[in-house]
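Colleague: Keeping their order, the protein sequence lines are chains A and B. Numbering-wise (my numbering), the first sequence opens with residue 161 and increments by one. Numbering-wise (my numbering), the second sequence opens with residue 9 and increments by one.
Note that these hints are calculated values from the structure, not bench results. Built from N, CA and C at the ideal position, the CB exists for glycine as well. Incorrect hints may have been included.
Quick list of in silico lysine-lysine cross-link-like pairs, DSSO-like style, CA-CA up to 30 Å [unchecked claim]:
1. Lys89(B) with Lys452(A)
2. Lys452(A) with Lys60(B)
3. Lys68(B) with Lys455(A)
4. Lys305(A) with Lys68(B)
5. Lys89(B) with Lys229(A)
6. Lys305(A) with Lys273(A)
7. Lys452(A) with Lys273(A)
8. Lys452(A) with Lys298(B)
9. Lys327(B) with Lys202(A)
10. Lys303(B) with Lys207(A)
11. Lys262(A) with Lys294(B)
12. Lys269(A) with Lys171(A)
13. Lys452(A) with Lys395(B)
14. Lys202(A) with Lys399(A)
15. Lys455(A) with Lys327(B)
16. Lys452(A) with Lys228(B)
17. Lys379(A) with Lys414(A)
What follows is a set of in silico ranges between Cβ atoms, one per label pair, in the way DEER data are often shown [what the hints assert, rightly or not]:
18. Arg25(B) with Gly336(A): 55 to 61 Å
19. Ile326(A) with Gly162(B): 35 to 41 Å
20. Arg324(A) with Ser347(B): 37 to 43 Å
21. Glu244(B) with Ile326(A): 30 to 36 Å
22. Asn231(A) with Asp21(B): 53 to 59 Å
23. Gln302(B) with Lys172(A): 46 to 52 Å
24. Ser428(B) with Lys455(A): 51 to 57 Å
25. Thr196(A) with Glu393(B): 48 to 54 Å
26. Arg324(A) with Lys228(B): 51 to 57 Å
27. Ala49(B) with Ile335(A): 45 to 51 Å
28. Ile406(B) with Lys455(A): 42 to 48 Å
29. Asp21(B) with Ile335(A): 48 to 54 Å
30. Gly336(A) with Ser347(B): 44 to 50 Å
31. Ser206(A) with Gly162(B): 47 to 53 Å
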Amino acid sequence: MSYIDQLFSYKKIYDQSGSEHLFIEAMRESLQHHGTNTVFWKASLSKLTQYKSVEDFYEIEPIPSDVFKRNEVLSVPMEHIVLHATSSGTSGQKSQIFLDQKTLDLGVKMIIKSMRYHGLFSLIPTNYIILGYEPGPNNAMGNTKVADGMRRFAPALHTKYAIRAIGNSYETDIIGVLETLKKYEKMRLPVRLLGFPIYLSRLLEIMDEMGMPSLKLSKKSVVLTGGGWKQFAGSEIPKAELRERVFTRLGIPKENIRDFYSAVEHSVAYPECENHHMHVPIWSRVVIRDVKTLKPLGYDQPGFLNFISPLVHSMPLSSVMMKDIAVLREGKTCGCGIQTPYFEVLGRAGITQGKTCAITAAELIGGEGYESV
Amino acid sequence: MNLFRGEACSQEDFVGRICTLQEQISEDLSLPILGPEIVIAAVDRLANLVTKDSALSLLKIMGIDTTGIEDVLEHTLEDMKREALTYKLSNELNAPLGEWRTVIDNSGKRRRECYLPLGVLLHIGAGNTIGLSAYSVIEGLLTGNINLLKLPEGEAGISYFLLEQLIRIEPRLKPYIYMTDLSSSRTYEIHQLAEASDAVIAWGRDETIQALRGSLPAHKPLIEWGHKIGFAYFSEGETTDLDLRALADEMCQTNQLYCSSPQCILYEASEGGSYAFAERLENSLKESSKTYPQKAISQEQQAEITFLHQTLLLESHIKGVAPFTDAAHSYGVMISDISELRASPLYRNIWIIPIRREALIQVLRPHIGHLQTVGLSVPASCEEEIKRLLFRAGITKITKCGEMYLGKRGESHDGKNTLSLYVKKVDDRER
Numbered sequence: 161m162s163y164i165d166q167l168f169s170y171k172k173i174y175d176q177s178g179s180e181h182l183f184i185e186a187m188r189e190s191l192q193h194h195g196t197n198t199v200f201w202k203a204s205l206s207k208l209t210q211y212k213s214v215e216d217f218y219e220i221e222p223i224p225s226d227v228f229k230r231n232e233v234l235s236v237p238m239e240h241i242v243l244h245a246t247s248s249g250t251s252g253q254k255s256q257i258f259l260d261q262k263t264l265d266l267g268v269k270m271i272i273k274s275m276r277y278h279g280l281f282s283l284i285p286t287n288y289i290i291l292g293y294e295p296g297p298n299n300a301m302g303n304t305k306v307a308d309g310m311r312r313f314a315p316a317l318h319t320k321y322a323i324r325a326i327g328n329s330y331e332t333d334i335i336g337v338l339e340t341l342k343k344y345e346k347m348r349l350p351v352r353l354l355g356f357p358i359y360l361s362r363l364l365e366i367m368d369e370m371g372m373p374s375l376k377l378s379k380k381s382v383v384l385t386g387g388g389w390k391q392f393a394g395s396e397i398p399k400a401e402l403r404e405r406v407f408t409r410l411g412i413p414k415e416n417i418r419d420f421y422s423a424v425e426h427s428v429a430y431p432e433c434e435n436h437h438m439h440v441p442i443w444s445r446v447v448i449r450d451v452k453t454l455k456p457l458g459y460d461q462p463g464f465l466n467f468i469s470p471l472v473h474s475m476p477l478s479s480v481m482m483k484d485i486a487v488l489r490e491g492k493t494c495g496c497g498i499q500t501p502y503f504e505v506l507g508r509a510g511i512t513q514g515k516t517c518a519i520t521a522a523e524l525i526g527g528e529g530y531e532s533v
Numbered sequence: 009m010n011l012f013r014g015e016a017c018s019q020e021d022f023v024g025r026i027c028t029l030q031e032q033i034s035e036d037l038s039l040p041i042l043g044p045e046i047v048i049a050a051v052d053r054l055a056n057l058v059t060k061d062s063a064l065s066l067l068k069i070m071g072i073d074t075t076g077i078e079d080v081l082e083h084t085l086e087d088m089k090r091e092a093l094t095y096k097l098s099n100e101l102n103a104p105l106g107e108w109r110t111v112i113d114n115s116g117k118r119r120r121e122c123y124l125p126l127g128v129l130l131h132i133g134a135g136n137t138i139g140l141s142a143y144s145v146i147e148g149l150l151t152g153n154i155n156l157l158k159l160p161e162g163e164a165g166i167s168y169f170l171l172e173q174l175i176r177i178e179p180r181l182k183p184y185i186y187m188t189d190l191s192s193s194r195t196y197e198i199h200q201l202a203e204a205s206d207a208v209i210a211w212g213r214d215e216t217i218q219a220l221r222g223s224l225p226a227h228k229p230l231i232e233w234g235h236k237i238g239f240a241y242f243s244e245g246e247t248t249d250l251d252l253r254a255l256a257d258e259m260c261q262t263n264q265l266y267c268s269s270p271q272c273i274l275y276e277a278s279e280g281g282s283y284a285f286a287e288r289l290e291n292s293l294k295e296s297s298k299t300y301p302q303k304a305i306s307q308e309q310q311a312e313i314t315f316l317h318q319t320l321l322l323e324s325h326i327k328g329v330a331p332f333t334d335a336a337h338s339y340g341v342m343i344s345d346i347s348e349l350r351a352s353p354l355y356r357n358i359w360i361i362p363i364r365r366e367a368l369i370q371v372l373r374p375h376i377g378h379l380q381t382v383g384l385s386v387p388a389s390c391e392e393e394i395k396r397l398l399f400r401a402g403i404t405k406i407t408k409c410g411e412m413y414l415g416k417r418g419e420s421h422d423g424k425n426t427l428s429l430y431v432k433k434v435d436d437r438e439r
């Protein structure tokens, strides 16, 4: 059994110190594989035996996520690929992510453990609202696949999509979602709302605008949001406020409202704990890097969000740097019992709005530009 | 602070009085046309009152970064003087405002024609250039219009200061000036302002303009001053190195924040020639940085730059060339392998794009509407040919490197005479 397999078979998903030796060995395996089969991390190959602590892996050069927007980079032959996913966005460049069976198996193992840990498994038949895109033959978006997969953690009775596929385009159907929610309310079964927070926020806004009375959905209902606000940045509302509004308008308890961080360029999922913090599990480490020098920063200092993980076998994603600006906090300050550090996304690299009349990349290509899931 | 018919008030008061706006405006539109002379005299006094140095210290007090804006400020103050305004009016309007001219048509019938103010202009301001919103209102006043200004976010009170001073100098301007700092999210109130207007003048991002376009009724004219891209065009000649230095100076002096600023250099390179050219530009940038040291920039902006450099560096393992930069990512020269315009993250970052002259129009056409200024550095022998191609492709201004950001008297704005857009021609047929 490889160290990577052992790491993903390890039972306690937040026991970083107990599994540290597995993580180090797994990272060596990962770098050996990608260093041999891609153009990246060649220089690290000869030094692998010298990497003895987790911090040693901070040295390997993180690959910015945009590299995967411009290039198809594989560490295995294309015929091994079983899943192809892209970042969301209707125009602009999308990251192209290719996963093989090995990665997928590890990923499934990981997400099941994570959902189980956070008490998100249920055997009660559940009605779903997907606050995202309806699956379709031409839809390779990672978030659609994730949302679809997430329906497996509670048996799906009925599913309604907020963004419906109409031919080759998509149409947002918030009113239809509200009608469906009214039906779900009468059925008294748990409801799960999965998807982009922007649509959740929009849904609540429309309820207000229409003067619609608040719903009392089953107390066992769950909200799982993931993804940024993208082109809606500016209408973003703080997470705590969104939870408050969901509780008031839909009747879903706040502890059941959890945000996830996930990005197609890094397949580890980070669900919020009961105190709404995204702790780092045993399968990855988060490094925050100075935006000028890329040097690792300690706790509480904002910088680039860099993930280090041996999860993905089919692509060199062992160290990926996101365009997000984040901070890392000490785990013990959370109070939920999980001791590993957690991170908070503060913003995103970009030109400050309103400072210039020079065109931006997004305007030049006529779309929304860069983003991850 | 807000201004309602020239009177200072709170935002709350302004909102409370919006419902009376139509009635008030209807009353004021029956007044005689505001003569340009009144406006010119007032703006000229304002420009003489505000010296460059006093303006700079005022901006500093307001907490605004004044790096590299001295030239622009000086030009703007010059533009507000009597001589410049008089020239602007005669240059941009086909005939003096409000003056009737008699014309006899083919059939011998007499007709009078005249240029009159559009009426009421709603200016949706943008915060990128200091005092721009106030200047937009001044253009509206010069053409005799009533002006409703929605301030951009984070404007820091400069436009209020200028307009309030202007009203103090010339109280007769009061009925023509309304100003509010309502947030863009107050769509209901902004639509009320738009309803009361003859035209909406939108400054800003494509997204803002797109949103306005989608929300305004079809009959409401929208005059757009959107984001643009500027670039330099180089073909090796005797002045190449001098021009590179001038371009580097301009990049460092302004951080390329203007729509006319260069974001790319289209370079007529021989095979592999871009590399040596990039090195020469890098040297110029290093020299220029000594004269104009880079000040701290926001974390998001620095991150944008570092992220791009790092992406290109890692990508160079697969294809392309690593960017030319320093350890602090304080500048960047990036080489593109395809002939396509690219936006730079600004702040001393520029793309070198290989170009074949015969493909120039084809490369530029997809960006029609975004194209603006070119800084040209080519041998005299091919200058006319390249200029012809650039203008045909959609460029509206060609200048020398180092002066791309400066507006010059009498020039068009994005290919248009601004004041002519703020008036209408009316005809009065003999009965």
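Colleague: Does the hinted range 44 to 50 Å hold for Gly336(A) and Ser347(B) at CB?
Modeller: holds (46 Å)
Colleague: Given the hint that Lys68(B) pairs with Lys455(A), test it: the Cα-Cα distance must not exceed 30 Å.
Modeller: violated (33 Å)
Colleague: Between Ile406(B) and Lys455(A), does the C-beta distance stay in 42 to 48 Å?
Modeller: holds (44 Å)
Colleague: Honestly, do Thr196(A) and Glu393(B) meet the 48 to 54 Å range at C-beta?
Modeller: Distance hint for Thr196(A), Glu393(B) holds at roughly 53 Å.
Colleague: Verify the proposed pairing of Lys305(A) with Lys68(B), using a straight-line Cα cut of 30 Å.
Modeller: The given pair, whose Cα atoms are some 52 Å apart, is violated under the 30 Å limit.
Colleague: Measure nothing beyond the straight line between the CA atoms of Lys452(A) and Lys298(B); if it is 30 Å or shorter, mark the hint as holding.
Modeller: holds (20 Å)
Colleague: Are Lys379(A) and Lys414(A) close enough, with their CA atoms no more than 30 Å apart?
Modeller: holds (10 Å)
Colleague: Please test the hint of 48 to 54 Å on the beta carbon pair from Asp21(B) and Ile335(A).
Modeller: 37 Å Cβ-Cβ, so the 48 to 54 Å window is violated.
Colleague: Within 37 to 43 Å: is that where the Cβ-Cβ distance between Arg324(A) and Ser347(B) falls?
Modeller: holds (40 Å)
Colleague: For the pair Ile326(A) and Gly162(B), does the Cβ-Cβ distance stay inside 35 to 41 Å?
Modeller: holds (39 Å)
Colleague: Quick one: are Ser428(B) and Lys455(A) within 51 to 57 Å, going by C-beta?
Modeller: holds (56 Å)
Colleague: Against the 30 Å threshold, does the CA-CA distance of Lys303(B) and Lys207(A) hold or violate the hint?
Modeller: Measuring from Cα to Cα gives roughly 39 Å; hence the hint is violated.
Going through the hint list in order, the structure does not satisfy hints 1, 2, 3, 4, 5, 7, 10, 11, 13, 14, 16, 18, 21, 26, 27, 29.
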